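Going down the list, the protein sequences come from chains A and B. 1 is the number of the first residue of the first sequence in the working numbering; add one for each residue after it. 1 is the number of the first residue of the second sequence in the working numbering; add one for each residue after it.
Keep in mind the hints are simulated off the structure, nothing from the lab. Every value quoted in this text rests on a predicted model; they were computed, and no experiment measured them. Heads up, a few of these hints could be off.
[Unchecked claim] Derived DEER-like restraints, expressed as beta-carbon distance ranges: (1) A:Gln131 <-> B:Gln94: 47 to 57 Å; (2) A:Glu153 <-> B:Leu3: 25 to 35 Å; (3) B:Asp88 <-> A:Leu16: 20 to 30 Å; (4) B:Lys69 <-> A:Ala2: 42 to 52 Å; (5) A:Glu72 <-> B:Gly89: 28 to 38 Å; (6) A:Tyr128 <-> B:Glu93: 18 to 28 Å; (7) B:Lys74 <-> A:Pro86: 56 to 66 Å; (8) B:Gly28 <-> A:Tyr128: 51 to 61 Å.
[Unchecked claim] Under 8 Å between C-beta atoms, here's a sample of chain A residues computed to sit facing chain B: (9) Pro99; (10) Val101; (11) Val104; (12) Gly108; (13) Lys110; (14) Ile113; (15) Ile120; (16) Pro147; (17) Gly166; (18) Arg167.
Built from N, CA and C at the ideal position, the CB exists for glycine as well.
There are 2 protein chains.
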Amino acid sequence: MALHLLKRPTSEVQALAQALIDAKAQIGHCSICFNLSAAPVCDICRAPSRDQHTLCVVADARDVIALEKTREYKGKYHVLGGLISPMDGIGPEQLHIGPLVHRVHKEGIKEVIIAISPSIEGDTTTLYIAQLLKSLTRVTRIAFGLPMGGDLEYADEVTLARAIEGRREIS
Amino acid sequence: MALHLLKRPTSEVQALAQALIDAKAQIGHCSICFNLSAAPVCDICRAPSRDQHTLCVVADARDVIALEKTREYKGKYHVLGGLISPMDGIGPEQLHIGPLVHRVHKEGIKEVIIAISPSIEGDTTTLYIAQLLKSLTRVTRIAFGLPMGGDLEYADEVTLARAIEGRREIS
């Protein structure tokens, strides 16, 4: 990138530098869902067309982008800002879990979908949140199994075992 | 492989050649489940320790090997020998679907788990079998979603959409 920039005119490099400074100055976190946003409340939280009673809990703002690309999910989000990881000294109080519980109460949430990748930290965080919320609302987790286009023969054993365990009745 | 063999002693190459001839002569299909077998009935079909009332339907004998590696599945198998594919002129009658229906009746099968990869042919075959069997027994399909170790951010949109659609309540 540096070598590419050295070949470009100075004005262009100055414009890029200014854009970076502006982005850093203007982009912050949505005060409701902690997604990246230039405004105090992000576009998704403000959209009246979205399902107001479903929350999707993700670890990071990047996961919101990935889920939005599917165009399948119509509810709102809540970004935790990381995962519980005692090895790295990250406990539940460093994440946006308190505000999540508050939102579930206040917004009358009917379903919390936990969309966190499968890993030790991910599973710990999922179980922690599920324990906190399951007396208040329905708590679900995204499915794990064979990816699309995936071949049974090339799937790893843990994925296959999860796919069998998570089998669903065909209706 | 050819270059490697040229370096080995003649006796070893002759032994390998004989082993290949023997394998071709002796390995056939199990008369019950159509898995590869040296005997008329394969080891899995004969094993009394396996769950006699659960059948896992797979496209190919290689899928049996993949599923056995998980050590999670304890039932028996049924190998279709391919997938329904009108483009390649393969209809249901070319596959071992008739014997499958017969087995479900005769063996008093309580659950048929369809473990077929997601693709147009795979989905067609799954729906065809489900329609045939669902009045006779419980028919399930393995889960599709995020693979283990998979990151939300790098998952393709269809996999993510399936993972949301297939979400399960956390108990």
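Hint check results:
1. A:Gln131 <-> B:Gln94: 47 to 57 Å: holds, 51 Å
2. A:Glu153 <-> B:Leu3: 25 to 35 Å: At 28 Å between Cβs, range holds.
3. B:Asp88 <-> A:Leu16: 20 to 30 Å: For Leu16 (chain A) against Asp88 (chain B), whose Cβ atoms are near 53 Å apart, the range 20 to 30 Å is violated.
4. B:Lys69 <-> A:Ala2: 42 to 52 Å: holds, 47 Å
5. A:Glu72 <-> B:Gly89: 28 to 38 Å: At 35 Å between Cβs, range holds.
6. A:Tyr128 <-> B:Glu93: 18 to 28 Å: violated, 53 Å
7. B:Lys74 <-> A:Pro86: 56 to 66 Å: Since Lys74 (chain B) and Pro86 (chain A) have Cβ atoms about 35 Å apart, the given range 56 to 66 Å is violated.
8. B:Gly28 <-> A:Tyr128: 51 to 61 Å: 53 Å Cβ-Cβ, so the 51 to 61 Å window holds.
9. Pro99: Status violated, d = 20 Å.
10. Val101: violated, 16 Å
11. Val104: Val104 (chain A) check fails; min Cβ-Cβ to chain B is 14 Å, beyond 8 Å.
12. Gly108: violated, 19 Å
13. Lys110: Status violated, d = 13 Å.
14. Ile113: Since chain B brings a Cβ to about 6 Å from Ile113 (chain A), closer than 8 Å, the hint holds.
15. Ile120: violated, 11 Å
16. Pro147: This hint holds: Pro147 (chain A) lies near chain B, its Cβ roughly 4 Å from the closest one there, short of 8 Å.
17. Gly166: Holds, because the Cβ-Cβ distance from Gly166 (chain A) to chain B comes to roughly 3 Å (cut-off 8 Å).
18. Arg167: Nearest chain B Cβ about 4 Å off; hint holds.
Hints 3, 6, 7, 9, 10, 11, 12, 13, 15 from the list above are not met by this structure, while the remaining hints are.
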